[in-house]
Structure formats: structure tokens, C-alpha cells
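S.K.: Residue numbers (our numbering), protein chains in the order written: chain Z, 1 to 415; chain G, 1001 to 1237.
Note that these hints are calculated values from the structure, not bench results.
Please note that a few of the clues may not be correct.
[What the hints assert, rightly or not] Examples of chain Z residues toward chain G, derived with CB under 7 Å:
id	residue
1	Ala85
2	Ala113
3	Tyr120
4	Phe122
5	Ala126
6	His130
7	Tyr139
8	Gly140
9	Leu144
10	Ala201
[As the list claims (entries may be wrong)] The calculated lysine to any residue pairs, modelled on SDA-like cross-linking and capped at a C-alpha distance of 20 Å, are:
id	chain 1	residue 1	chain 2	residue 2
11	Z	Lys143	G	Lys1183
12	Z	Lys208	Z	Lys316
13	Z	Lys143	G	Phe1132
14	Z	Lys143	G	Arg1134
15	Z	Lys143	G	Arg1130
16	Z	Lys143	G	Trp1129
17	Z	Lys316	Z	Thr407
18	G	Lys1183	G	Phe1074
19	Z	Lys161	Z	Glu177
20	Z	Lys143	G	Gln1004
21	Z	Lys59	Z	Glu98
22	Z	Lys316	Z	Val252
23	Z	Lys59	Z	Ser110
24	Z	Lys143	G	Phe1087
25	Z	Lys406	Z	Arg296
[What the hints assert, rightly or not] Derived DEER-like restraints, expressed as beta-carbon distance ranges:
id	chain 1	residue 1	chain 2	residue 2	range
26	G	Ala1044	Z	Asp172	38 to 46 Å
27	G	Ala1112	Z	Ala338	29 to 37 Å
28	Z	Asp172	G	Ala1112	20 to 28 Å
29	G	Ala1212	Z	Phe237	51 to 59 Å
30	Z	Arg146	G	Val1056	39 to 47 Å
31	G	Ala1212	Z	Glu106	34 to 42 Å
32	Z	Asp104	G	Ala1044	53 to 61 Å
33	G	Trp1030	Z	Glu148	53 to 61 Å
34	G	Trp1030	Z	Arg352	39 to 47 Å
This structure is a prediction, so every number in the text was calculated from the model and none was measured.
C-beta atoms are modelled at their ideal positions from N, C-alpha and C, and glycine is treated no differently.
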Amino acid sequence: MSHVLDVSIQKQFLPQTNSRGGENAAVAPNHHGKGTTSVVPPSPLKTRVLAPEAGLEVKFQAPSGFTIIFGASGAGKTTLLNCVAGLSRPDTGRIVVEDRILFDKERRVSISAAQRRIGYVFQDLALFPHLTSEQNIAYGLAKLDRHEQHSRTQAILESFKISHLRQRKPGDLSGGERQRVALARSLVTDPRALLLDEPLAALDFPTKSRILDDLRLWNEAHRVPILYVTHSRDEVFALGENVLVMEQGRIVEQGSPHQVMTAPRMETVAQLAGFENIFNGVVEAVHEDRGTLTCRVADTNVRLETPLVRAGVGAKLKVGIRAGDILLATAEPREISARNVIPGTVISAERRDMVVVARVRCGEYSATPESAVTPSAALEIEVQLTLAARDSLRLIEGRVVWLVVKTHSCHLIAS
Amino acid sequence: MDWQALTLTLRLATLVSAALLCLGLPIAYWITYSRWRWKFLIEAVVALPLVLPPTVLGFYVLIALGPRSPLGRFWQALTGHTLAFTFEGLLLGSILYSLPFAVQPFAASFAAVDRRLLAASATLGASNWRTFFRIILPLSGAGVLTGVVLSFAHTLGEFGVVLMVGGNIPGVTRTVSIDIYDKVQAVDYASANLTALVLLVISFVALSSVYAINRGVFFLGVNQTRLRGENGGEPRA
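Required output: the full structure, derived from the provided sequences and hints.
M.R.: Below, the structure is given as C-alpha cells:
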């Protein structure tokens, strides 16, 4: 039997209305909260991440096992899940699970959410606050007889190691415990496909990895398609068999975690990952043997050695460097492993909480004086350092410094 | 003290709140979840008794119950007498008169139920009926009780509609408020005072119990503060 989830849908986003079934209620958290948590100050690029979505247009097949849907807030991930679950209706297209048509615009098929047998773990879990863990889990088993309900509930309580919580209500559970109850509630119904919307986002790493182990075990036993929405790289590599990268309602990349993550990534994803420095770059040389590229930052004479990606000489890329990944030296460092040592001048050093944000102008000094560029074409790079580092380097405006950047701290982003 | 009037009033108020519980829940459900664009018209109709003078409402109910209206004719054919100036007629008028006092708290409490819970219920295979009885209704307990008590208390004190529709027939349509009016007309202030005091006490007890419930003084199946903690994700003390 082919356990495949086949989705090919389009949907225009409409202005919010008070619709039943919670489409907007479920989408809403996507627009708030996230994207504002990073320490990056608001920039013009930032606003694009939170811009209203144009619409959803996706086509993919998810085999049994994990398919990670990776993308920034507002990329349409939750809307996609809502369409598959039947909480939101696409304008056109079809959704098929295991040869069962859930939605087909042309054949006028649209099975209700209650009839789809698709498990859905919501971002905020949506546990029923007035029911105990046991009642929450048994909720989806109403069609079975009492005995069967009981034995299935007990079995899943045990396999998720939450038997001791059966009489507690969600308000009395910790974050990790609620997560397990929510997973158990969806899994106990034996769904034909499972949708997980950032189910572990709020958890600490040890709790997260234990739950991931449980999920993996369940997956091995059941082998249904699992769409797993996340924007955590850790989760992508921990679960990844197949990754879809979504941006502005489209799937922009697809492949194994390694393929997707080493390819130049999309700018919105990079914004999400918090790059303070994003430059336009041109590939000047490809060093297949060394696994690196040489990129020149556009309109400057600053050259960066970056990791190898699928790009040829002359290709235009963006280079992202986190401000915290850059070392700063007041004497020219020699005999150092880092491949990028860029001279520059400090133009400002401001204190923000417990860190100092320095801006360094580079590109005015060049190895050969005749190729020096005009100051307007200089490059400003943001560097973060500690208060102690600032004091010991006596970092003040006008000071000549060298920026040290490791090859693998230069992240390439498709432009 | 006219015990007959008091028991009649209590019987009327109980029947009205029972009827409004059955009638108000579906209306409130429809008002909360319907996506019909003209829904606001129905909402306005339901709220009309809040602002209409009871005599206006009573007048139209009287006309509707009378022998020349289809309803009046139907009732007459069924029972042999008209609805006007009967207990049944009074019951019907009172139900209309107290409708917003039941429907509005019901609808407000339904609307306060997190829609994601309804979505979760649907993905777990629950029908709309099951979602209503297992999720919406238990989470709206306080609002439903408020609506029932308010419609009860409101019916206790009605005067205009009773006078228009029911008249003043002892044991049939003579309620406490009419009784007080009669006593005052007869300058029997002592009896009027006693009856008024009884009505005051009943109404006060009913309303204070509503406010106590809404403040979470009594445990009502769902602890309201805990509920907020769950949905708002606030740390619990």
C-alpha cells in the first residue's frame, strides 16, 4: 500500500474574517511573536519577512516518514497544514492520502476535517483545559467501544511515559508533559498522516530530544507521512529525511537536510537565523579541491573565502555573517587558521546591554594602493564583543583593527 | 402576602428560564458561529427586548396571540380558547421578553472558547454535536448559568408585558409585580412592602450568585484562572 501524501493546492489569502473552524485563529500566531525575538535591530530587509503573504501555491509528495517543512514566519507553513487537515479550504488543487481523495476541486470533493483522519498537533497544542490527560487522549476514540478506548489510551500513556499524569488537567502539566499529551492525543487515533506545527519550539533541548526519540519510534512502527513544520536547524538534522523549504507560500527547495542546508539558502531564512551582516557578493573563484569559494563583496575590494556551494564563477550570492562570529584584533594577526583577515577602521562602538556593537568600515585599505576604492564604496561590518574585550582593546572610534572571520562563518544565501 | 401570586411568578420564571435554556443555546450557537453576512439583523432582533418599552412588546405579542393572527387561530383550533390572557400566552410573551438576557451571556461565553480547541476537536474526528457538548458547553458553564439566572430574575420582575398579555387574573396571570401594583392602588402599603421585599431578596440572591460564579467563588467544573493560564501560557504561581 502506498502511504503517500500527495498535495497540489493553491490558495489566496483573504483578509481575516470570523470563520468557524479556526483557520485564522490557527494562522494568527504565525504573524506575531516570531521574527521579533532576534537581537537584530529592525532593518528594511526585516519587514519583508513579516510582509503579508501573497498566497499559497505548493505541489509535493510526502512519503511515509518525516518531511520537514522549513521556512520563516509567514511563509505559509501553517496555512498549508490547515489545508491538509481540512480546517482551511484551498481554492484549487487536490490532496490525496493513500489513494483516498481528501480534497479535489475538479471532482468537487472536500472531506470534512472530522472525517479526514489526519492527526494534527497544533503549535499551541490546544489541549482541552477541562479534561484530564486521559480524557484528552481518549477524546478522539469516541467511535470505539469503552474497552477498546481504555486499552488504547493506557497503551499510549505507557509508551509516552505519562501514565502518572493521567488524572491531571493541562493546567497542571509542565511544557514537556503537555507536549507528550498532545502528541499522544493525535497518535492514539491511528491517523493516516500526521501534521506537527512546531510542536517542540518551546521546549529545552533535553526534553526536546527525548520527545523526538519517542516520535521516531512511533514513526518506525506506523510509517505514515509526517509533515513537520519547524524553523530549527537542530530539528531539521535530527529528523530530516526529506526537507521542503518554503518561502512566501512557495516551495523553493527540496531535498535531504544536507542538500538543502548546504545550498545557498533563501534570504528570509537567513534573516530568521539572525545574520546582522548581509552583503551582495560575486563568486570570483571556485576551489572544488579545498571545498571553498572566493567571493568579492560587490562594489568593494573585500574578498571573503566561503564554504563551497553549487555556484559558478560570476554567480551573484549574498553572504551572511553573524556579528558574534567575527573576531577583532588591534594588530594584524599572522599565522592564524582563519582565512579571512580584513583591515578596517572602527567608526562606532555602542554599548547595548551587556554587549558592545562596533561598526567597522572596511575596504578602504588595499594591498595595492592603485586599486583602492573610494570611501563611498567601503563596507560596514557589524561586530559584537564583550565589554571586557572593548576595554582591553581600548576600542574607540578611528582605531585601526583587523576583522577575523572563519570560512565557515560566512553563510551563503541565494539572492 | 399573596402566596398564589408568588408561586405563580416562580413557576413562570422557572419555565421561562428552562425554555430559554433550550431555545437560547441553539440561537447563541448560531449567532456565534454563523458566517451569514446578514447575521447582525438577527442579533439586533434578539436584542430588541432590551430597549423596547415592555408595553410595545406586550402590545405586539397580544396582537400575535389574538384570534385574528395565524398563531392565535392555530392555538384556538388546537385548544378551543385564545392564548391572550392565559398562562401559556404569558409564558410566550415572557420568553420573548427575556430572550436577550439568556442569549447574550450564552453567545459571549461561546465566543470566548478558543477556536483552536474546536479545530482540535474536529481533527480528532468529533462531529459538531460532540464538539458542542464535550468542549463548548463545559467551557461555557459560567456563561450558561449566568444566562439562566438572569432570565429567571428578569422574568420575576416583569410588569408591562404581563399587564398587556396576561391581564390580572388571580392564579392564572396575576404575578407578584401586578400584585404589588394592586396593593399600592388599594393603599395597602404594608402588604405591598412585604411582597416587594420578598421580590427584592429573591432578585438579590439570584444576581449575587451570578456575580459570585463569575468571580470563581464556587468551583464549577472548570477553574477559570487555570483556564487562562493554559491559553495565555502565563507561568503558574
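S.K.: Are any of the numbered hints broken by this structure? If so, which, sorted upward?
M.R.: Going through the list in order, the structure violates hints 9, 10, 11, 12, 18, 20, 24, 27, 30, 31, 32, 33, 34 and respects the others.
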